[in-house]
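Same order as they appear, the protein sequences are chains A and B. The first sequence begins at 0 in numbering that gives the first Met the number 0 and counts up one residue at a time. The second sequence begins at 0 in numbering that gives the first Met the number 0 and counts up one residue at a time.
For the record, the hints were derived by calculation from the structure and aren't laboratory data. For each residue, glycine too, the CB sits at the ideal point set by N, CA and C. Be careful, since some hints might not be right.
[To be verified] Straight line, CA to CA, 30 Å or less: simulated DSS-like cross-link-like pairs of lysine-lysine:
| hint | chain 1 | residue 1 | chain 2 | residue 2 |
| --- | --- | --- | --- | --- |
| 1 | B | 267 | B | 158 |
| 2 | A | 261 | A | 83 |
| 3 | A | 158 | B | 230 |
| 4 | B | 158 | A | 158 |
| 5 | A | 158 | A | 51 |
| 6 | A | 90 | B | 292 |
[What the hints assert, rightly or not] If we take Cβ atoms under 8 Å as the criterion, some of the chain A residues that face chain B in the derived model are:
| hint | residue |
| --- | --- |
| 7 | 123 |
| 8 | 134 |
| 9 | 136 |
| 10 | 138 |
| 11 | 140 |
| 12 | 147 |
| 13 | 150 |
| 14 | 230 |
| 15 | 231 |
| 16 | 232 |
| 17 | 234 |
Number of protein chains: 2
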Amino acid sequence: MQIIITGGAGFLGQHLSKALLRSDLKFDELVLIDVVQPLNSTGDLRVVCQKKDLSDAGAADSVITAKTGMVFHLAAIVSSHAEKDFDLGWKVNLDITRNLLEACRALGTGIRFIFAGSLAVFGGVLPPTVDERTVTTPHSSYGAQKAIGELLVNDYSRKGFIDGRVFRLPTVCVRPGRPNLAASSFLSSIVREPINGEEAICPVAPDLSVVLSSPDTVIRNFIHGATLDGKAFGEWRTVNFPAIAITVEEMLTSLEKMTDKKTRAKVKFKHDETISRIVTSWPGAMNNALAVKLGFQEDKTFDDFILQYQEYKKQDT
Amino acid sequence: MQIIITGGAGFLGQHLSKALLRSDLKFDELVLIDVVQPLNSTGDLRVVCQKKDLSDAGAADSVITAKTGMVFHLAAIVSSHAEKDFDLGWKVNLDITRNLLEACRALGTGIRFIFAGSLAVFGGVLPPTVDERTVTTPHSSYGAQKAIGELLVNDYSRKGFIDGRVFRLPTVCVRPGRPNLAASSFLSSIVREPINGEEAICPVAPDLSVVLSSPDTVIRNFIHGATLDGKAFGEWRTVNFPAIAITVEEMLTSLEKMTDKKTRAKVKFKHDETISRIVTSWPGAMNNALAVKLGFQEDKTFDDFILQYQEYKKQDT
Chain A
0 MQIIITGGAG FLGQHLSKAL LRSDLKFDEL VLIDVVQPLN STGDLRVVCQ
50 KKDLSDAGAA DSVITAKTGM VFHLAAIVSS HAEKDFDLGW KVNLDITRNL
100 LEACRALGTG IRFIFAGSLA VFGGVLPPTV DERTVTTPHS SYGAQKAIGE
150 LLVNDYSRKG FIDGRVFRLP TVCVRPGRPN LAASSFLSSI VREPINGEEA
200 ICPVAPDLSV VLSSPDTVIR NFIHGATLDG KAFGEWRTVN FPAIAITVEE
250 MLTSLEKMTD KKTRAKVKFK HDETISRIVT SWPGAMNNAL AVKLGFQEDK
300 TFDDFILQYQ EYKKQDT
Chain B
0 MQIIITGGAG FLGQHLSKAL LRSDLKFDEL VLIDVVQPLN STGDLRVVCQ
50 KKDLSDAGAA DSVITAKTGM VFHLAAIVSS HAEKDFDLGW KVNLDITRNL
100 LEACRALGTG IRFIFAGSLA VFGGVLPPTV DERTVTTPHS SYGAQKAIGE
150 LLVNDYSRKG FIDGRVFRLP TVCVRPGRPN LAASSFLSSI VREPINGEEA
200 ICPVAPDLSV VLSSPDTVIR NFIHGATLDG KAFGEWRTVN FPAIAITVEE
250 MLTSLEKMTD KKTRAKVKFK HDETISRIVT SWPGAMNNAL AVKLGFQEDK
300 TFDDFILQYQ EYKKQDT
């Protein structure tokens, strides 16, 4: 059995590939695909790295073949990027998803298709806590594209063309590396940069409540969700990954507790209207009941998020 | 100013064109486009009829030009048809919508874009009454395609590329003419055929509650909604057209009252699993509050629906 990860060069793709290689899941091949060359940092011989643009004609069909059993579709143009480059956002976030689904359907082998959704499908006036029954009125092109992907994956699943599942990700924090073009990127920066001795800019007010999950928990939940029986999801295959609700101020309090005053002081507030508009349209609290019922894991405290990043840094160096 | 109606040969397209020609709305040209040749039954010189497949490359761009001020996008593959022909459904209901939106965006003239949505975006486990804050988990490809169209129209509007609005139609009843491939087609047949002295088959149980609007009310609401200021819709441009909730049994009681016992007796019940599965997944009652607040009109009793059809028949002959 072959597993494919699109966006395989990205942080989550790389993290997921290592976790899959360590897991009990039986497979012969793990294909990492991305527009930039993915790395096989493990040396595991099951890993195949492919540099490929899945929006190219025929690319999805060439990648998904009779041996493909599972696809983790993580490749995406992130929120601020999709907001800036409207055409690219739709091309990658909608067209590639459709191409992959059509390639799966053409095979007719009931490929397990795991779609990385996003809480950005929620937007505007929202109830105090959000769950899977909350209406999706996205206030960003990225959110609209992810909401459309959900509808596609659900319809292809309902028709029996794939065994699909949609997992909506909260903001993943702390992401290692450099800031990216996600509107939520600062939520990692305000922890990561101070720990690395650098200044960070927070573009929103300190009382903004955000919903977060740690990388390890997200990856564990991806694998849990991929190995669940399709019937567990009932008639709608969209689940919000568990998330903790926390204000920016509380994140910084935790940062100070886990480091020191000087580290926290490296975070400066400078309002950014574009980022603020997108991020404040997202949910401030989640009801994790469905995910927990399905056996997905919750993070505990934000202190653990910081510990996880410090641990990651140690392993990486 | 030019107005375009896609699906201009269809019942609603034809009905809408006549109503627009009679209305106070100022325009120089009314273009009816369809894959079958539309008719100009009025003789009004403002009407231009075009037989054109909008899924052909470049077709949308050739139709929407600098003089276009308003587009009523009614063309669609209906529910049972989209369920049977998966490819055609996505091609017409998604790709054509996208092509039209892209053509509007390319002009950058803020074209008013009226998208005929559908209550089929709702599906599965639903609250007792449905409104604009109800989650959309469609249980048909048609519903998924309409839900995706909504997201597109809202995102293009949010970006300022169009002045869009989405009006979700309940089942329109009584449609004159012959049955079509909508799963809801029988809801017109069980009134129309008996009045015309023919038998009709009802494929669902008599206690099924459905939500309906009459053709005249739907057309009046289309024109009202098209002439409202965009700001009236607030941050999300999707409105459910008002609908009455009624059981099949109550429809037949009204039919008997407005005609006679013999006419009602022409309706036979014969369960159809495919139609039943789609129709029972739709809402059984609507909360019309938002639409009413925005000035849209409600139908009163089902007796009026029957009167309206009888009146239509008289005019038609």
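Violations among the numbered hints, reported as their numbers in ascending order: The structure breaks hints 1, 2, 3, 4, 6, 14, 15, 16; every other hint is satisfied.
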